[in-house]
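S.K.: One letter stands for each residue in the lines below.
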Amino acid sequence: MIPQTVDDVQKALEQERYVADRSLAVVVHLALQLGRPLFLEGEAGVGKTEVAKVLSAILGEDLIRLQCYEGLDVSHALYEWDYARQMLAIRLLEANASNAVPEVTDIMSRDYLIARPLLQAIELGAKGRRPVLLIDELDRADEEFEAYLLELLSDFQVTIPEVETVKAIEPPVVIITSNRTREIHDALKRRCIYHWIDYPDYVREVAILRSRAPHVSATLAGDLAKAMAHLRDLELFKPPGVAETLDWASALAVLGAAELSPGVVDETLGVVLKYQEDIARIRAEGVERLIAG
Amino acid sequence: MNGEAFSANLVHFARYLRALGLVVGPETAQDLAAAAGAVGLGNRLDTYEAFKAVATVRVGDRPAFDHAFELFFGTEGITDDSQPDVAFVTRDNRATRASLPTLAGFEADVNDDAEVVADIGGGSYSERLARRDFGMLTQAEREEVRMLIARMIWRPADALSRRWVSDRRGDRPHIRKTFSNLTRPEGDLVPFEYMARRPRRRPLVVIADISGSMELYAEMFLHFIHAAQGRLGRVEAFVFATRLTRVTREMRQRDAAHALGRVSESVQDWSGGTRIGDTLAEFNREWSRRVARGGAVGLVISDGWDTGDPATLDAEMARFARTMYRVVWLNPLAARAGYSPEARGMRTVLPYVDDFLAAASVLDLREVVRMLESLPSKSTSGRLRSVVR
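These protein sequences, in sequence, are chains S and L.
For the first sequence, our numbering gives the first residue as 1, with consecutive numbering after it.
For the second sequence, our numbering gives the first residue as 1001, with consecutive numbering after it.
Keep in mind that the hints were calculated from the coordinates and are not lab data.
Check each hint, because a few of them may be wrong.
Claimed, not checked - Ranges between beta-carbon positions, derived for each pair: (1) L:R1162 to S:D198: 24 to 34 Å; (2) S:E285 to L:A1318: 15 to 25 Å; (3) L:I1153 to S:D106: 35 to 45 Å; (4) S:D198 to L:G1212: 30 to 40 Å.
Quick reminder that beta carbons are idealized off the backbone N, C-alpha and C, glycines included.
Hey, can you work out the whole structure from these sequences and the hints?
M.R.: Have a look at this one:
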């Protein structure tokens, strides 16, 4: 069921334990209503991918995920022929040695096709469904793939020359994420609704903790959020995201720590910071400062 | 100059004379050496006369000889004021360029012979300028040098992308294409198809120092970056004195003067003090993940004069070197005779630098460009791969 107002979207997200600010709820609503792809950019660990997962739960539709990487090509993103089956079919045709002349369609039909994420999404769309298509970390793919995607996103139609043209009746819900390791081309962004997901402020981070890590007490949630805000102000090489906040909460639970103490912070710093220089810097400045806020 | 280097130089000199169209045989270098032995090297004018006697056979050879002599042994004491500065025409202009190793890559317009003749005429002038330190140029000469930089020839080495494309000489079977051959009706012979990784231009990230101590050089290096941007495309450009400014977009202007105008508008801290460590920190934090992917070459242009904290510089330079495929450092001061990296900053960064090159003239920049034509991976021993002086 597609939420009909911005408020509905925000409520639905909350029900799925995604604490979104108003601006994110607005763009999600727009993407759903206008049938346009949603382009989410932001630092690692701010919950971009999670939006797609939550949306698929809200809509009750399949989540189809395409993880991008350099060199990603049509045979991994769209479709590939099933060569083993084609070989078998050829052998069978030969063995039967019938007088019938073999046709190309004998080995080049839909049966011999392996659908990759993009084709899967369009095929579901052709059946009247509206799956959530997550194109994750598009910045890792190369420009050629981007150009191909541009074409696909404009008409949600795939032509397989030997077989048929598949067209989605309704466009799938497309979520594209990027960590901004490079700029995505403007032409692609223009087809999308763009949104930059920032680190949450203190209030929202506490809300996220309360929602996603219910075992954390209100005080501890406040302390964690304060420490995180402090860390993100320090111009570290890799500031921690929300994912790290939640990891930290879980780590504390495992260790049975009910509050942040210098000893606990020191032991668990590696959950939050992933670069030796950053860790060394915090230790040099004194972990107490994280707790003091 | 020691004896061995001197005779090597004589061989080059003789070759160059031949390239200029003089009648020079294989024995000429020996004759030159003998002549040098006979008159000694103490008096330039004597050497000049002796070499001229050995190497020229007619009066018409003189301008070319003078030009070559000047190029190889300097101007002192040989220029005669009464001598008109005549342009000379060579027998084979192309040979001029092909034969001389130290001057390779000078070519301007290879196809236009008329142009080449004129070019050789002014050639001696251009090549003298090409050798001159940017810090010693007059205003008029700077204009000429800008042209030389803009005309430089780039043939950078490519990296391999992870994208596979159909290639007959490839070594991985292209099943998809082979199968599609199967469905074609003609004949029983099905060509087997191969694929290979497609070459991709390696990104270049340039970080140029425009602080006070680089004042005489900054402009020419910016022209150099502009030329690189135009020829290579994938160039990310940054400048700094006390803080880092990204000027990639400004540099994309086609016209160099226009581009540099835009750069100077966007930069706040021209010719201030230098904080290389803080600058690199900012680059590492804000930009390296965005612009240094795909095996980028990091090119830093600075004299290494740093007024910041050495510990910061050390840590940030280490990180910079880790993110880059290869780190090249250009230092204009290193071109000076007897240079040793005394600036503390320079000593701090050297362990992380793969190639340390002197760069103060067009000739040096051509050397840099040539180096970019073959770039094996980063040295792991922590030692410099090349030092060009």
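S.K.: Determine for every hint whether it applies to the structure shown.
M.R.: Going down the list of hints, with the structure as the test:
no., hint, verdict
1, L:R1162 to S:D198: 24 to 34 Å, "32 Å, holds"
2, S:E285 to L:A1318: 15 to 25 Å, "20 Å, holds"
3, L:I1153 to S:D106: 35 to 45 Å, "55 Å, violated"
4, S:D198 to L:G1212: 30 to 40 Å, "38 Å, holds"
In summary, the one numbered hint that this structure violates is 3.
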